[in-house]
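Protein sequence lines, in the order shown, are assigned to chains A and B. Counting in numbering that gives the first Met the number 0, the first sequence runs from 0 upward without gaps. Counting in numbering that gives the first Met the number 0, the second sequence runs from 0 upward without gaps.
Please note that a few of the clues may not be correct.
Using 20 Å as the maximum straight-line C-alpha spacing, the simulated EDC-like pairs for lysine to aspartate or glutamate come out as follows [as the list claims (entries may be wrong)]:
no., chain 1, residue 1, chain 2, residue 2
1, B, K52, A, D294
2, B, K52, A, D283
3, B, K134, A, D294
Cβ pair distances, simulated, as ranges [said to hold, decoys possible]:
no., chain 1, residue 1, chain 2, residue 2, range
4, A, T279, B, S26, 19 to 27 Å
5, A, E239, B, F3, 55 to 63 Å
6, B, S26, A, F282, 36 to 44 Å
If we take Cβ atoms under 7 Å as the criterion, some of the chain A residues that face chain B in the derived model are [said to hold, decoys possible]:
no., residue
7, E228
8, T230
9, S246
10, E248
11, T251
12, I252
13, K300
14, F307
15, T311
16, L313
17, A314
18, A350
19, F368
20, V376
21, V377
22, G378
Since the hints were derived computationally from the structure, they do not count as laboratory data. Bear in mind that the values here come from a model prediction, so they are computed numbers and not experimental data. Using N, Cα and C, we set each Cβ at its ideal position, and we do this for glycine too.
One letter stands for each residue in the lines below.
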Amino acid sequence: MAKTASIEVKNQDLIGALRDFFKTVLAQDEISAIQVPWRLPMKNMVMPTLITDPERLNGADPLSPVFPINSAKIVSRLTRKESGGKVAAVMRSCEIRAFIELVKLKQGQTENLVIIGIDCLGAFRNRDYFSWVGEDIEESTKKYAADVLGGKSAAADGSISLSTACQACESPIPVGADITIGLYGIDTDHKVLIQSETVKGENLMARLQLTDEEEPPSRKKAIDKLVEERTAVRDNMFTETHAATDSLEKLTIYLANCVNCYNCRVACPVCYCRECVFVTDVFDHDPSQYLRWADRKGALKMPTDTIFYHITRLAHMSTACVGCGQCSNACPNDIPVMELFRSVSQNTQAAFDYTPGQSIEEKPPMSVFKEEEFEEVVGID
Amino acid sequence: MSEFEPTIVAFFCNWCTYTAADLAGTSRLSYPPNIKIIRVMCSGMIDPKYVIKALLEGADGVLVSGCNPGDCHYINGNYKARRRIKLLKEILPQFGFEPERLRLTWIAASDGLLFAEVMRDMTEQLKPLGPSEAKLKMVI
Ligand code: SF4
Ligand code: SF4
Ligand code: FES
Numbered sequence: 000m001a002k003t004a005s006i007e008v009k010n011q012d013l014i015g016a017l018r019d020f021f022k023t024v025l026a027q028d029e030i031s032a033i034q035v036p037w038r039l040p041m042k043n044m045v046m047p048t049l050i051t052d053p054e055r056l057n058g059a060d061p062l063s064p065v066f067p068i069n070s071a072k073i074v075s076r077l078t079r080k081e082s083g084g085k086v087a088a089v090m091r092s093c094e095i096r097a098f099i100e101l102v103k104l105k106q107g108q109t110e111n112l113v114i115i116g117i118d119c120l121g122a123f124r125n126r127d128y129f130s131w132v133g134e135d136i137e138e139s140t141k142k143y144a145a146d147v148l149g150g151k152s153a154a155a156d157g158s159i160s161l162s163t164a165c166q167a168c169e170s171p172i173p174v175g176a177d178i179t180i181g182l183y184g185i186d187t188d189h190k191v192l193i194q195s196e197t198v199k200g201e202n203l204m205a206r207l208q209l210t211d212e213e214e215p216p217s218r219k220k221a222i223d224k225l226v227e228e229r230t231a232v233r234d235n236m237f238t239e240t241h242a243a244t245d246s247l248e249k250l251t252i253y254l255a256n257c258v259n260c261y262n263c264r265v266a267c268p269v270c271y272c273r274e275c276v277f278v279t280d281v282f283d284h285d286p287s288q289y290l291r292w293a294d295r296k297g298a299l300k301m302p303t304d305t306i307f308y309h310i311t312r313l314a315h316m317s318t319a320c321v322g323c324g325q326c327s328n329a330c331p332n333d334i335p336v337m338e339l340f341r342s343v344s345q346n347t348q349a350a351f352d353y354t355p356g357q358s359i360e361e362k363p364p365m366s367v368f369k370e371e372e373f374e375e376v377v378g379i380d
Numbered sequence: 000m001s002e003f004e005p006t007i008v009a010f011f012c013n014w015c016t017y018t019a020a021d022l023a024g025t026s027r028l029s030y031p032p033n034i035k036i037i038r039v040m041c042s043g044m045i046d047p048k049y050v051i052k053a054l055l056e057g058a059d060g061v062l063v064s065g066c067n068p069g070d071c072h073y074i075n076g077n078y079k080a081r082r083r084i085k086l087l088k089e090i091l092p093q094f095g096f097e098p099e100r101l102r103l104t105w106i107a108a109s110d111g112l113l114f115a116e117v118m119r120d121m122t123e124q125l126k127p128l129g130p131s132e133a134k135l136k137m138v139i
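If we strip away everything but chain A, and leave its shape as in the complex, we get:
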């Protein structure tokens, strides 16, 4: 049973209230550390940071419109083995979903972890964030959060827009967290909603002694509206991307800028291999092999296997794609990787009736089978 409570926001200082809340979580005996998006002291940049000193939480910046890495990968590092302590992690919706996929692949555990999900206000691409943030980072985040929660578009001056992944994200509300922090449809000048989604979350909430609260009807309305807008953008993106890649020639044009740096794969939270096959000896071709290929084709683009890489990666991870957009964020050559991967993932996930990140119990499609299924792919009709 979900329990709903609220925390007070004083002097309209929403970020301050969240910091105080994180401090009360960290103050619990059972919690050894809390991972939050945190401002680096040496630069206006926000990075996932593991914090044990409550004073340091004054630099927490959970609403900043940037996430330079999908923190699922970090939480996986923290939990893949017993750490001797319990960690609370403040995560966005797509980060939680990616983490759940990693747990299913035995690359993370939930036992000694409390996931604190927070309504996602979206993010810019990294490079847009650098140019946007300016000198006063506190003011920048404050204004951003106020604009988004006030229903204005991100960066209300219109200079930059949300990353395309966030524009098309129909799941900004976290699922699968132990505790969620609700912002949409809440009077965030005065309070923030805290809800428990698991027994673990409920127990923690009980110890925090929060004031009980009813979820206001405005919340569902605000969320429904947001999801509807985002879904429309998403569907449009699917249509455009399919049209731009529906032949091998078009796909080749789409990916022509690719230099096989594999940044997209490194940034991908659900590319689960410790060592990607594309950087192993399998692809360390003998020099004479290149000459033979060039001889057969007359022209061989180097590095080779670009399309092969992308289609293979789709085969490997598309059923687990959570649409966080870190692939596009990481691409040095501005290839809309997220658009392509989400558009294909949409269909592979539907084919196996699989929603990544939805439940730890639901097995990844390629790890199971039934004796009677998919008869339609067998035979030559």
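Could you slot chain B with the ligands onto chain A? The hints should help.
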């Protein structure tokens, strides 16, 4: 102009389809010579990469063939293969590969007749599609 002859890359399970191909040969059954056979120990060891690479290198079709359900020598390799083919059949057509270019069949070791029939059918179905785009256009 001579008729287009498709090239089919075929991954055959050693225990069933490969043996059936052998049987068809020794029984002097005629079937089209369009096929390049790669013998594997089980359809369950066919990595999707093999299929993707073959198609990108210009194979006009890829055929994966294993033991009938219940007959896999490694218990369930063919069920896993079926899921992987299902996955590829979702992905590849989005990039213009016609569904006929990727096939999965179960052919028992004793079924030389079925083997010859599958070869004929697949070849006939590929002919009207013409050469694969990967053969005609530069793939990077
Ligand atoms: S592309 Fe495939 S092999 Fe490489 S890391 Fe991703 S899942 Fe692993
Ligand atoms: S990050 Fe961009 S250039 Fe690098 S491998 Fe991915 S798509 Fe290619
Ligand atoms: S042994 Fe033939 S399909 Fe597994």
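Evaluation of the provided hints:
1. Distance check on the hinted pair: B/K52 and A/D294 sit about 18 Å apart at the alpha-carbon level, within 20 Å; holds.
2. Between B/K52 and A/D283, the direct Cα distance comes to roughly 16 Å. Compliance with the 20 Å bound is thereby established for this hinted pair.
3. Annotation: proposed proximity of B/K134 to A/D294 holds, straight-line Cα distance about 15 Å (limit 20 Å).
4. The hinted range of 19 to 27 Å is not satisfied by A/T279 and B/S26, whose Cβ atoms lie roughly 43 Å apart.
5. Checking the proposed 55 to 63 Å range against A/E239 and B/F3 shows it is violated: the Cβ atoms sit about 34 Å from each other.
6. As the Cβ distance of B/S26 to A/F282 is approximately 42 Å, the hint placing it in 36 to 44 Å holds.
7. Hint status for A/E228 relative to chain B: violated, with the closest Cβ pair at about 26 Å, above 7 Å.
8. This hint is violated: A/T230 has a C-beta 20 Å from the nearest C-beta of chain B, more than the 7 Å allowed.
9. A hinted interface residue such as A/S246 counts as satisfied when its beta carbon comes closer than 7 Å to some beta carbon of chain B; here the least separation is about 4 Å, so the hint holds.
10. This hint holds: A/E248 has a C-beta 5 Å from the nearest C-beta of chain B, less than the 7 Å allowed.
11. Interface restraint check: A/T251 against chain B, minimum CB-CB distance 6 Å, threshold 7 Å, status holds.
12. The beta carbon of A/I252 comes no nearer than 10 Å to any beta carbon in chain B, farther than 7 Å, and the hint placing it at the interface is violated.
13. At its closest, the beta carbon of A/K300 sits 4 Å from a beta carbon of chain B; the interface hint therefore holds under the 7 Å criterion.
14. Because the smallest distance between the Cβ of A/F307 and any Cβ of chain B comes to about 6 Å, under 7 Å, the interface hint for this residue holds.
15. The interface hint given for A/T311 is met, as the beta carbon of that residue sits about 5 Å from the closest beta carbon of chain B, less than 7 Å.
16. A cut of 7 Å between beta carbons decides the hint on A/L313: the least distance to chain B is about 5 Å, and the hint holds.
17. Annotation: interface hint on A/A314 holds; nearest CB of chain B at approximately 4 Å, less than 7 Å.
18. With a least beta-carbon distance of about 5 Å to chain B, the hint placing A/A350 at the interface is held under the 7 Å criterion.
19. Of the supplied interface hints, the one on A/F368 holds, with its beta-carbon coming within about 4 Å of a beta-carbon of chain B, less than 7 Å.
20. This hint holds: A/V376 has a C-beta 5 Å from the nearest C-beta of chain B, less than the 7 Å allowed.
21. For A/V377, the suggested interface contact is upheld, since its CB lies about 5 Å from the closest CB of chain B, less than 7 Å.
22. Look at A/G378: its Cβ gets to within about 6 Å of chain B, closer than 7 Å, so that hint holds up.
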